[in-house]
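Trainee: Next come the chains, spelled out residue by residue.
Number of protein chains: 2
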Amino acid sequence: MLQEAIKAFEEAIGREYTLTSDAQLERYHYSTIPVLRVIDAVLLPNSVRDVQEIVKIANDFKISLYPISTGNNWGYGSANPVRGHNVIVDLSRMNRIIEVNRELAYAVIEPGVTQHQLYEYLHKHRTGLMMDPTGSGPSCSVLGNTVERGYGISPYGDHFAYVSGMEVVLANGEVLRTSFGHYENAKATHTFKWGVGPYLDGIFTQSNFGIVTKIGIWLMPEPEHFEACYFSCDNESDLGPLIDAVRWLLLNNVIRSSVNLVHRNRVLTMLSRYPWKEMSGKAPLDDEVSKSIARTKKVGAWNGVGALYGTKEEVRAAKKVIRRTLRGEVARLNFVSDKALLLLERFQGLFGLLLGMNIPEMLRVLKPSHGILRGKPSEVSLASPYWRAKKTPPAKDINPAKDNCGLIWFSPVVPMTRENAEEFISIIQPIFARHGFEPCITFTTVTPRAFDCTLPILYDKDDPDETKRANACYEELLSECMKAGYIPYRFGIQSMAELTGRKDVFWDVVERLKDALDPGGILSPGRYSR
Amino acid sequence: MLQEAIKAFEEAIGREYTLTSDAQLERYHYSTIPVLRVIDAVLLPNSVRDVQEIVKIANDFKISLYPISTGNNWGYGSANPVRGHNVIVDLSRMNRIIEVNRELAYAVIEPGVTQHQLYEYLHKHRTGLMMDPTGSGPSCSVLGNTVERGYGISPYGDHFAYVSGMEVVLANGEVLRTSFGHYENAKATHTFKWGVGPYLDGIFTQSNFGIVTKIGIWLMPEPEHFEACYFSCDNESDLGPLIDAVRWLLLNNVIRSSVNLVHRNRVLTMLSRYPWKEMSGKAPLDDEVSKSIARTKKVGAWNGVGALYGTKEEVRAAKKVIRRTLRGEVARLNFVSDKALLLLERFQGLFGLLLGMNIPEMLRVLKPSHGILRGKPSEVSLASPYWRAKKTPPAKDINPAKDNCGLIWFSPVVPMTRENAEEFISIIQPIFARHGFEPCITFTTVTPRAFDCTLPILYDKDDPDETKRANACYEELLSECMKAGYIPYRFGIQSMAELTGRKDVFWDVVERLKDALDPGGILSPGRYSR
Numbered sequence: 099m100l101q102e103a104i105k106a107f108e109e110a111i112g113r114e115y116t117l118t119s120d121a122q123l124e125r126y127h128y129s130t131i132p133v134l135r136v137i138d139a140v141l142l143p144n145s146v147r148d149v150q151e152i153v154k155i156a157n158d159f160k161i162s163l164y165p166i167s168t169g170n171n172w173g174y175g176s177a178n179p180v181r182g183h184n185v186i187v188d189l190s191r192m193n194r195i196i197e198v199n200r201e202l203a204y205a206v207i208e209p210g211v212t213q214h215q216l217y218e219y220l221h222k223h224r225t226g227l228m229m230d231p232t233g234s235g236p237s238c239s240v241l242g243n244t245v246e247r248g249y250g251i252s253p254y255g256d257h258f259a260y261v262s263g264m265e266v267v268l269a270n271g272e273v274l275r276t277s278f279g280h281y282e283n284a285k286a287t288h289t290f291k292w293g294v295g296p297y298l299d300g301i302f303t304q305s306n307f308g309i310v311t312k313i314g315i316w317l318m319p320e321p322e323h324f325e326a327c328y329f330s331c332d333n334e335s336d337l338g339p340l341i342d343a344v345r346w347l348l349l350n351n352v353i354r355s356s357v358n359l360v361h362r363n364r365v366l367t368m369l370s371r372y373p374w375k376e377m378s379g380k381a382p383l384d385d386e387v388s389k390s391i392a393r394t395k396k397v398g399a400w401n402g403v404g405a406l407y408g409t410k411e412e413v414r415a416a417k418k419v420i421r422r423t424l425r426g427e428v429a430r431l432n433f434v435s436d437k438a439l440l441l442l443e444r445f446q447g448l449f450g451l452l453l454g455m456n457i458p459e460m461l462r463v464l465k466p467s468h469g470i471l472r473g474k475p476s477e478v479s480l481a482s483p484y485w486r487a488k489k490t491p492p493a494k495d496i497n498p499a500k501d502n503c504g505l506i507w508f509s510p511v512v513p514m515t516r517e518n519a520e521e522f523i524s525i526i527q528p529i530f531a532r533h534g535f536e537p538c539i540t541f542t543t544v545t546p547r548a549f550d551c552t553l554p555i556l557y558d559k560d561d562p563d564e565t566k567r568a569n570a571c572y573e574e575l576l577s578e579c580m581k582a583g584y585i586p587y588r589f590g591i592q593s594m595a596e597l598t599g600r601k602d603v604f605w606d607v608v609e610r611l612k613d614a615l616d617p618g619g620i621l622s623p624g625r626y627s628r
Numbered sequence: 099m100l101q102e103a104i105k106a107f108e109e110a111i112g113r114e115y116t117l118t119s120d121a122q123l124e125r126y127h128y129s130t131i132p133v134l135r136v137i138d139a140v141l142l143p144n145s146v147r148d149v150q151e152i153v154k155i156a157n158d159f160k161i162s163l164y165p166i167s168t169g170n171n172w173g174y175g176s177a178n179p180v181r182g183h184n185v186i187v188d189l190s191r192m193n194r195i196i197e198v199n200r201e202l203a204y205a206v207i208e209p210g211v212t213q214h215q216l217y218e219y220l221h222k223h224r225t226g227l228m229m230d231p232t233g234s235g236p237s238c239s240v241l242g243n244t245v246e247r248g249y250g251i252s253p254y255g256d257h258f259a260y261v262s263g264m265e266v267v268l269a270n271g272e273v274l275r276t277s278f279g280h281y282e283n284a285k286a287t288h289t290f291k292w293g294v295g296p297y298l299d300g301i302f303t304q305s306n307f308g309i310v311t312k313i314g315i316w317l318m319p320e321p322e323h324f325e326a327c328y329f330s331c332d333n334e335s336d337l338g339p340l341i342d343a344v345r346w347l348l349l350n351n352v353i354r355s356s357v358n359l360v361h362r363n364r365v366l367t368m369l370s371r372y373p374w375k376e377m378s379g380k381a382p383l384d385d386e387v388s389k390s391i392a393r394t395k396k397v398g399a400w401n402g403v404g405a406l407y408g409t410k411e412e413v414r415a416a417k418k419v420i421r422r423t424l425r426g427e428v429a430r431l432n433f434v435s436d437k438a439l440l441l442l443e444r445f446q447g448l449f450g451l452l453l454g455m456n457i458p459e460m461l462r463v464l465k466p467s468h469g470i471l472r473g474k475p476s477e478v479s480l481a482s483p484y485w486r487a488k489k490t491p492p493a494k495d496i497n498p499a500k501d502n503c504g505l506i507w508f509s510p511v512v513p514m515t516r517e518n519a520e521e522f523i524s525i526i527q528p529i530f531a532r533h534g535f536e537p538c539i540t541f542t543t544v545t546p547r548a549f550d551c552t553l554p555i556l557y558d559k560d561d562p563d564e565t566k567r568a569n570a571c572y573e574e575l576l577s578e579c580m581k582a583g584y585i586p587y588r589f590g591i592q593s594m595a596e597l598t599g600r601k602d603v604f605w606d607v608v609e610r611l612k613d614a615l616d617p618g619g620i621l622s623p624g625r626y627s628r
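Protein chains in written order, with the numbering used here: chain A, 99 to 628; chain B, 99 to 628.
Each hint should be verified, as a subset may be incorrect.
Chain copies aren't distinguished; within one or between two, either way the pair holds.
[What the hints assert, rightly or not] Below, computed lysine-lysine pairings styled on BS3-like, alpha-carbon distance capped at 27 Å: (1) Lys-601 / Lys-154; (2) Lys-494 / Lys-566; (3) Lys-489 / Lys-396; (4) Lys-465 / Lys-396; (5) Lys-396 / Lys-437; (6) Lys-389 / Lys-488; (7) Lys-465 / Lys-160.
Simulated from the structure, these hints should not be mistaken for lab results.
Go ahead and model the full structure; you've got the sequences and the hints to work with.
Mentor: Spelled out as structure tokens, the structure:
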């Protein structure tokens, strides 16, 4: 059956785009989480028509397809399917930027368009528009991250919220267009997301109901003026009041970017590698050692970053409000404009003396994070997976999956109150400790009312024992947090069954929708479904 | 069959809540559009359990149910079902405000909660939170408007965008909870709308897939400072450049409310009745007469309204930017704070002299529209349906459907460019003229990239000939605008077939979802479906 299907795929999209040899398939197995899936073949369609042909053949031969955009879903399974014996549909060749509308500030893109590619296009063509990059780096797919409901931290950070108009190849080979896109001559497809009638786009995110082949995404006009805002607290117990202040700033729309509250440990994973020497080869990281390294690097217990976008007078007004609101809650508060960053770079020594800061060290993280807030994708977060690995991240084109680094993402949603944050920390801290890891917490404000708490489990994947403990740590975190009501916003391929397994009307409905749209069950079996 | 079903309904929810007499059913027939539907009965459930019982009985006896929240869908069919011989499920008794969370700024409400009720609650309990009212007035349902994807004009105007967590009674009687609500102890149900897995909420808006019995809605904190912004142009041809300026202000987030650009004719319908005398009994309204009345009332050709919310310094900064941007594009630009409005009221004569304005006349519209921007529902728009009727709107509790006023809403979406707006006007103007009506255009910025153009067809419903013409006018508007690609964001019950009738994968998918969720087809047959 599979062999016949492969012959049919080869005829449909060409032999060179139907991969079956071990050497060709190898890179699709790369993963930062401890999984290994049998992949039967990889297909590389170049067009919607190719994708339509592929699903028709899959239906005929009862083949399970697993579409990926670029396959860099690091920490959640990368390109690996949820179940074994799938044929991967790699959409990376479909990487056209179909349209960029400067006047109405949107783009229409295909799945293969990477963050780097979109950034370069917007920049080179002087469109005056900026994208919102997610932290996963330049090589990742914009569409892939969006349909997985990933996020960035600029004001357009909630990626799916900024989609208007989708094109989806259904399991039966038909092409669905949403918003007004299914009406001839429709004018407002990419400017009004709801369209008319049931709003369907949502069911094609975090699901296996169709293959999304195009999306319209809204882009933000480059602001006249920009300033990043950095602040930090000295004590871990300062978090509570800080949360109250940040929530006020967001609910009152003073800050329109997300705010990241980053724990000391997490900053260290971005600045350096695990301090084996200081720890005499032991793990997890001791609090005292963490604090002492943080001191030398001028890192606070909690470190905040946000940004202001607007005209000069608007940014000035917002800064005043932020200063007033954070006064007393933070030990340090700095605003960094583009110009200030340039000066800081040029006169590192001088500023180092004046501010008592390690400026070169600071710039290593500051510059790329400034860039991300300004719409420029960066690899700054990609060094973390090398934290415990006995290898060094390359200077560029970092691919932690290829390098077999250990990273499992756990990313529950926590309401933005001090009580919730504190309860949440009290649940996860002992679990990390029990399994020999240090919690590296970031609280990211994904709405003005909720944090996504991204918790990487960073481990040495070349060490079988540590890998086992990492997995056990993840399992316990998931089960305890689900029990306490802190549910992850996104799941890795290893735990879909835990998500959907219980008696639950929600997942019953998902099953009924799946049967209606993909009765043969050919698309991504088990992905956010039973 | 129906008689047996009614007996079962009576047993389930009580005889007094099962209405069948003509007198009891009369008010459900009231409508501002020319339709008349046979209504078999009306059920008034009081709880989710009641609703579950009702759908079970409906399945047993193959009864078509038509749920309404308060039934004030004026201009789109009011409480009338799309097809005849439905049993209306009137959810107005389910009017509990389940929760108001001040810290996280949200409320959880049932379908019967009216705009007035929510406003009063927030106000009386000094919650420091404000709602976004839609223009349809105090008696309308917040939930009903939201699942119909209605909007208001404050920064939280896109009502469905601000929903987090739904409860839906399915056609099989099961209760679906979205966001994280289907997990026990879930903490973030009303603070993170996407939940995990396919985002389902959208398919329960503008659809007939389930009965929404609860929603979480986000509320805006009362701003420290507020100023409404009013501007106007003298010439109709000023619209193009004005659109460019407004789009810039919105895309750059200077104005976070919607902006309404209201044509002179539309303002006149809110200020007064049709000038039969000046027009010597003729219709449609002559341009010269319209202009001359507008002159005496100091109404411009295009009249803009928006608002600023923030701290004093932020509002001041935004005002500066608005002044700079609108300079040269508008003839008049005024900012009105709460304090200014109070002063204006107190010293009407003085200001009239100073500003050369008819202040009392102005206040009649200014005060309620100021209120709407501040989160207070108002009846200011409800007088328009009396424009051509030979009767006077009551001083309060206006119900244009009950008074048999003629209003058909036509509300297509137009991308926010001058070319689109001008093309759109060139299409609709001759159609209105041909049928003997004056176009009363409002362009509302429903996103920073698109207008919803709400066009009321105001007619005398007591005049059979005018009613016929109104209907023909609507039909031609709909067909011509659909052809040109300007699709309405929302449809009246009279034209669902035109929406879904053609060969269209989108409506095929909707049909498959409907079959999956409501195989008996008991819920709102024909509503946004075939």
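Trainee: None of the hints should be skipped; say for each whether it holds.
Mentor: Against the structure, the hints come out as follows:
1. In this assembly of identical chains, the alpha carbons of Lys-601 and Lys-154 lie at most 27 Å apart only when taken from different copies (21 Å versus 33 Å within one copy).
2. For the identical chains of this complex, Lys-494 and Lys-566 are neighbours neither inside a copy (30 Å) nor across copies (71 Å), given an alpha-carbon limit of 27 Å.
3. In this assembly of identical chains, Lys-489 and Lys-396 lie within 27 Å of each other by CA distance solely inside one copy; the values are 26 Å within and 75 Å between copies.
4. In this assembly of identical chains, Lys-465 and Lys-396 lie within 27 Å of each other by CA distance solely inside one copy; the values are 16 Å within and 54 Å between copies.
5. In this assembly of identical chains, the alpha carbons of Lys-396 and Lys-437 lie at most 27 Å apart only when taken from the same copy (23 Å versus 48 Å across copies).
6. In this assembly of identical chains, the alpha carbons of Lys-389 and Lys-488 lie at most 27 Å apart only when taken from the same copy (23 Å versus 80 Å across copies).
7. For the homomeric pair Lys-465 and Lys-160, neither the shortest alpha-carbon distance inside one copy (50 Å) nor that between copies (65 Å) is at most 27 Å.
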